[in-house]
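Chemist: Based on the sequences and whatever the hints tell you, model everything.
Letter 203 of the sequence shown, counting from 1, is numbered 419 in our numbering, and no numbers are missing.
No lab work stands behind these hints: they were computed from the structure.
For each residue, glycine too, the CB sits at the ideal point set by N, CA and C.
Hints may be right or wrong, so weigh each one.
What follows is a set of in silico ranges between Cβ atoms, one per label pair, in the way DEER data are often shown [to be verified]: (1) Arg361 - Phe307: 19 to 25 Å; (2) Ser321 - Leu383: 40 to 46 Å; (3) Ala362 - Leu474: 36 to 42 Å; (4) Ile390 - Glu469: 33 to 39 Å; (5) Lys420 - Ile390: 19 to 25 Å; (6) Arg361 - Pro313: 46 to 52 Å; (7) Glu469 - Ser321: 44 to 50 Å.
Calculated cross-link-like contacts (lysine-lysine; reagent style DSS-like; alpha-carbon spacing at most 27 Å) [said to hold, decoys possible]: (8) Lys442 - Lys291; (9) Lys450 - Lys295; (10) Lys420 - Lys334; (11) Lys442 - Lys405; (12) Lys410 - Lys420.
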Amino acid sequence: SLGVKARIYTKYKNLFHPQTMKLALLLALLPFSSAFAPAAFTPRTLTPLRSDAAAAAEPEAEEAAPPAPAAPAYKCITKAEIMSEPNCLEFGSVWDPLGLAELGSDETLAWFRHAEVKHGRVAMAAFTGWVAVGMGAVLPGDLTRAGLHFADIPKQGLAAWDATPGLGKVQMLILAGLIEFHDEIFASKRGDNKHYLRGGIPGKNHVPGLYDPFGLSSRRSEEELKRGRAVEIKNGRLAMIGFMGLYAAATIEGSVPLQPLP
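Modeler: See the structure below:
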């Protein structure tokens, strides 16, 4: 057995030599040392930075313009057409000291003319009623169920209005509101662009049979209808002035000259 041990020692004694052990340890550490080595530098393409002045000098991409809105299917009456009637023979030119005719668009002036015609009609009715009551013209029968007769109403305009019961005043206001409401409904449902803001004539009432129950206007020519509209506007303006004169004379003593003595 000693001989066997001697042969083994002789065979492997060089493996346990100090120099051999150092070399084995160095080879064993080589894989771990590569983990701590710096990575190889790979050059990359860099994007050049631009200064603010250079960026501002470059033309910006134009944004696509939004599509233009479609033109309306209607065409409102123009300002020139509205101002062309009625004529201005009384003043020689258009009397508009406040410049209201220059406000807004064609639709704005069409609305002004429509309101003027309606106010003129109301003023004509009010002036006629004031004068008729003052002349003693009354309706037959009773005004209320409480025994108030039409003949009991005073002949002065404001006194006659004050003597009218509140329910009667409400009925008149409701009637005027219904006429206005149905005028807009019938004008919008016709679908032929006859509304005064859609190409129609300002002041035209579309309630069937209200102002022309016998269809007399259908027998007139376009020239006659145009003259009739001009006459109505002028009479309405005069009625508005006349009614304000009656109201002022009734409320402010001496405000209207040349009045007959009571």
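Chemist: Look at each hint and say if it fits the structure.
Modeler: A quick look at each hint next to the structure:
1. The hinted range of 19 to 25 Å is not satisfied by Arg361 and Phe307, whose Cβ atoms lie roughly 51 Å apart.
2. Against the hinted window of 40 to 46 Å, the Cβ-Cβ separation of Ser321 and Leu383 comes to about 42 Å, which satisfies the hint.
3. Between Ala362 and Leu474 the beta carbons are some 41 Å apart, a value that agrees with the proposed interval 36 to 42 Å.
4. Taken as a hint, the range 33 to 39 Å holds for the pair Ile390 and Glu469, whose Cβ atoms sit roughly 35 Å apart.
5. At roughly 23 Å, the beta carbons of Lys420 and Ile390 sit within the given window of 19 to 25 Å.
6. Distance hint check for Arg361 and Pro313: the Cβ-Cβ separation is about 51 Å, which falls inside the suggested range of 46 to 52 Å.
7. The hinted window of 44 to 50 Å between Glu469 and Ser321 holds, with their beta carbons roughly 45 Å apart.
8. For the given pair, Lys442 sits about 19 Å from Lys291 by alpha-carbon distance, which is consistent with the 27 Å threshold.
9. Distance hint between Lys450 and Lys295 is fulfilled; the C-alpha atoms sit about 18 Å from each other, no more than 27 Å.
10. Restraint check for Lys420 and Lys334: the C-alpha separation of about 9 Å stays at or below 27 Å, so the hint holds.
11. With a C-alpha separation of about 25 Å, the suggested pair Lys442 and Lys405 falls inside the 27 Å cut-off, and the hint holds.
12. The straight-line distance between the Cα atoms of Lys410 and Lys420 is roughly 9 Å, inside the 27 Å bound, and the hint therefore holds.
Hint 1 alone, counting from the list given before, is not met by this structure.
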